[in-house]
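Undergrad: Chains A and B, in that order, give the protein sequences.
The opening position of the first sequence corresponds to residue 272 in this note's numbering, with each subsequent residue numbered one higher.
The opening position of the second sequence corresponds to residue 272 in this note's numbering, with each subsequent residue numbered one higher.
Wrong hints could be hidden among the right ones.
Since the list gives no way to pick one copy over another, a pair counts as held whenever it fits inside one copy or between any two copies.
[Claimed, not checked] Capping the alpha-carbon separation at 25 Å, the derived lysine to aspartate or glutamate pairs in DMTMM-like fashion look like this:
id: 1; residue 1: Lys512; residue 2: Asp575
id: 2; residue 1: Lys512; residue 2: Asp667
id: 3; residue 1: Lys512; residue 2: Glu278
id: 4; residue 1: Lys512; residue 2: Asp715
Don't read these hints as lab results, they were simulated from the structure.
Number of protein chains: 2
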Amino acid sequence: MTQTTTELCYLTIREAGALLRDGGLSPVELTRAFLERIESLDGTLQAYITVLADDAMAEARTAEAEILRGEYRGPMHGIPIALKDLYDTKGVRTTAGSRVMADRVPTEDATTTALLRASGAVLLGKLAMHEFALGGPDPTCGFPLARNPWSLEHIPGGSSSGSGAAVAAGLCMGALGSCTGGSIRGPASHCGIAGIKATYGRVSRYGVVPLSWTLDHCGPLTWTVEDSAIMLQAIAGYDPKDPTTSHAPVPDYLASVEGDIRGLRVGVPRHYFFADDPDVSKDTLSAVETALGVLEDLGAVLEDVTVPSLAYAGAAQSVIMASEAFAYHQSNLRTRPQDFGEMVRARFRIGGLFTAGEYVQAQRARNVLKRDFAEVLRRVDVLASPTMSNPAPRFDEVDAMSTARVPSFTGPYNLTGMPAISVPCGFTPEGLPVGLQIAGKPFDEPTVFRTAYAYQQQARWFERRPPV
Amino acid sequence: MTQTTTELCYLTIREAGALLRDGGLSPVELTRAFLERIESLDGTLQAYITVLADDAMAEARTAEAEILRGEYRGPMHGIPIALKDLYDTKGVRTTAGSRVMADRVPTEDATTTALLRASGAVLLGKLAMHEFALGGPDPTCGFPLARNPWSLEHIPGGSSSGSGAAVAAGLCMGALGSCTGGSIRGPASHCGIAGIKATYGRVSRYGVVPLSWTLDHCGPLTWTVEDSAIMLQAIAGYDPKDPTTSHAPVPDYLASVEGDIRGLRVGVPRHYFFADDPDVSKDTLSAVETALGVLEDLGAVLEDVTVPSLAYAGAAQSVIMASEAFAYHQSNLRTRPQDFGEMVRARFRIGGLFTAGEYVQAQRARNVLKRDFAEVLRRVDVLASPTMSNPAPRFDEVDAMSTARVPSFTGPYNLTGMPAISVPCGFTPEGLPVGLQIAGKPFDEPTVFRTAYAYQQQARWFERRPPV
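Starting from the given sequences, assemble the full structure and let the hints guide the process.
TA: Have a look at this one:
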């Protein structure tokens with residue numbers, strides 16, 4: 272692999288977009304570089320389930336011709352991307368990382384897939400993931416497990432494991448992940464990149480294999496905050512095929528990153544995210560404290576805030592997710608249980624044990640959580656915290672209970688549907704990335720982006736690349 | 272009761288508002304007229320659970336003084352209204368029509384109560400309702416049953432029975448009802464008045480006793496469409512205390528009623544609302560056919576449309592409503608079952624029998640229904656149908672199963688959350704009112720109002736008053 276290939280593959284979307292637009296870079300050349308790098312590295316990283324080399328080259332040639340003809344579509348035109356393998360792709364199998372869907376070939380694109388195509392993006396392939404977007408890496412699921420580019424012995428996070436690994440390793444410029452309890456922010460944090468889950472209803476989920484339809488969100492993982500803004504722009508908006516999408520107008524996200532954060536009120540729910548818990552990493556907390564200091568240096572005003580109902584978030588999340596997943600998978604769990612991996616099968620079956628009353632109580636608790644956050648967000652503009660309680664564990668440290676010891680730092684924003692981003696905020700002494708989580712008011716992605724961008728530009732952690 | 276009292280009490284909100292604003296009518300005089308009429312008629316009609324005579328007179332005097340000082344607040348200032356007895360009123364007992372809450376005195380107003388107070392409205396009292404807003408009139412609930420002003424032997428519809436009866440009988444100028452499966456449009460239809468359930472999320476439900484929180488809607492009942500627009504304006508909008516409310520901007524509803532409907536595309540799902548069913552009233556269908564002809568005469572373009580998933584709406588509605596109601600009432604059902612009426616107790620208990628999986632499947636079916644309607648609404652602007660399958664039954668005709676024989680004509684729009692209004696469209700040979708239902712796209716109340724207003728102005732059924 273040449274120096275040029277590496278340099279091309281580590282351009283940001285924004286940098287590459289400027290070159291592509293002005294003819295300083297050909298989509299064909301760029302796509303070829305990514306395919307070379309995938310060829311060279313993905314045997315080790317296992318980020319891809321399916322590589323679409325021929326299709327991608329054809330799309331790159333089309334993009335090149337269009338741009339040469341003066342038909343430039345915008346900042347995603349000619350940008351090589353990849354999709355978590357639960358986004359439907361017409362004519363290309365979409366497995367959701369499970370033997371249950373190993374041979375499934377959709378006849379239609381997901382809305383987000385179609386929107387990215389319309390933006391002119393080049394689709395390199397479909398990315399590894401935890402089976403059905405749940406839980407940890409399970410060797411019994413029948414698919415290879417993606418590895419963390421910062422350290423191959425460590426998981427890249429999940430469930431969008433391939434999305435995190437591929438972006439961090441320079442195997443695509445941006446990826447879509449999906450998130451039910453933290454599956455975008457988690458891999459972003461563990462892989463040292465940015466990842467945003469926009470407000471519930473902001474991005475269509477039509478044609479995306481569901482895990483838990485009141486908690487599922489779609490969103491991008493990229494190296495930088497502005498790249499996430501560009502990519503979210505391409506997929507955000509109302510979709511008549513997804514009745515849960517919002518009619519709220521979509522602002523200009525890339526424009527929203529600019530501007531300082533002087534006077535911005537940043538709430539910190541220390542009682543939850545900085546509790547004295549032996550199972551939370553001191554290195555993580557220390558890196559995030561430093562990041563909070565940077566926000567203050569930039570003029571933000573920090574304030575401790577309390578969200579009492581966070582105490583019930585974990586229980587509500589578990590009941591809702593398991594019940595909804597069970598409803599979706601019920602028939603396959605009965606007729607072909609052997610096609611599920613062991614971890615997923617056990618956790619889905621738990622969902623069959625709840626009553627409707629328990630489920631509804633969980634949804635009511637969730638509503639209290641939304642109200643508590645809405646109350647806090649009358650006083651502060653955003654909330655800041657660690658994204659994950661710990662850096663990425665080693666594969667041999669992961670077990671079914673390892674995620675259950677510590678309250679989830681990402682799940683509460685799936686329950687509330689608030690927008691939340693993870694942006695790199697440093698490294699542990701072992702060299703594993705740590706993420707800062709910024710959450711905001713519903714549909715106020717602009718303030719979330721502005722805060723994360725201001726931090727990113729000051730701290731510049733995105734300039735460090737993994738040793739692959 | 273004097274002629275003048277009757278005339279005052281049958282002014283519309285719009286007419287009264289103009290007089291109040293210009294000093295041609297005093298809020299005190301107007302309120303006194305309503306209190307007199309309540310005193311005279313409500314012993315028979317039983318529309319009120321609580322009459323707030325002294326408070327109302329005090330509020331009227333305040334309104335009078337404000338208007339005299341030039342502090343006119345808007346079209347609700349000095350307008351005497353009443354609330355279904357599940358809207359919390361600070362310091363005034365709020366029973367939800369049940370012995371379970373017979374002694375409950377809220378310490379805070381519902382958001383809608385507070386908004387109406389802020390608009391300058393005068394609160395005459397709290398209105399009768401079916402116990403906990405469910406089902407039919409149940410003599411075992413412990414509260415008197417409101418009667419239909421058009422015929423005392425007939426029910427006024429429910430569950431906002433008192434709201435329908437009070438407005439139709441001129442015992443208040445407008446009322447708030449609540450609607451989980453048709454409890455605003457039903458009484459409006461049966462009582463020959465207008466009633467709108469706005470889009471789910473358009474009106475706060477904070478401080479309103481819930482029946483089924485994903486189906487519950489709040490809204491006004493009034494004589495005319497423009498009065499509903501005025502009253503909805505006062506209560507619509509985002510409420511941080513109710514996380515299910517929308518941030519979408521609130522348009523000027525009163526302005527939206529104006530304008531013709533030439534070229535408006537009106538979808539008619541005949542397969543569902545005009546099916547050949549012996550349990551649907553021919554008189555109702557005939558009146559609605561005539562109304563559709565009026566819409567055509569006004570320039571609207573009628574089109575038959577098909578919504579396949581309407582076949583599953585009834586089942587989804589039942590499972591969701593019962594499960595959510597059970598979750599809310601579970602504890603009281605266990606500890607004080609004797610305080611529930613027989614009908615409600617039986618139906619709530621059914622909700623305890625569903626599994627979380629069944630509930631989630633019902634919500635998924637609901638999503639398909641939303642998608643089907645969204646698809647149809649790409650081709651048409653509104654949907655028209657009968658509001659109710661039959662005119663109001665007699666009290667002695669009502670039984671637990673009488674509503675179950677015919678698919679609900681109102682419930683589907685609770686499932687989809689679409690805005691839907693009922694406007695009078697004629698009378699049966701026996702002199703019972705029939706309602707036309709107009710439903711629209713989410714948050715497109717303006718088109719719903721414009722259609723209903725154009726029809727109302729042409730057909731003018733609102734000019735006929737009941738014989739009380």
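Undergrad: Determine for every hint whether it applies to the structure shown.
TA: Hints versus structure:
no. : hint            : verdict
1   : Lys512 / Asp575 : between (41 Å within a copy, 21 Å between copies)
2   : Lys512 / Asp667 : neither (42 Å within a copy, 46 Å between copies)
3   : Lys512 / Glu278 : neither (40 Å within a copy, 51 Å between copies)
4   : Lys512 / Asp715 : both (24 Å within a copy, 18 Å between copies)
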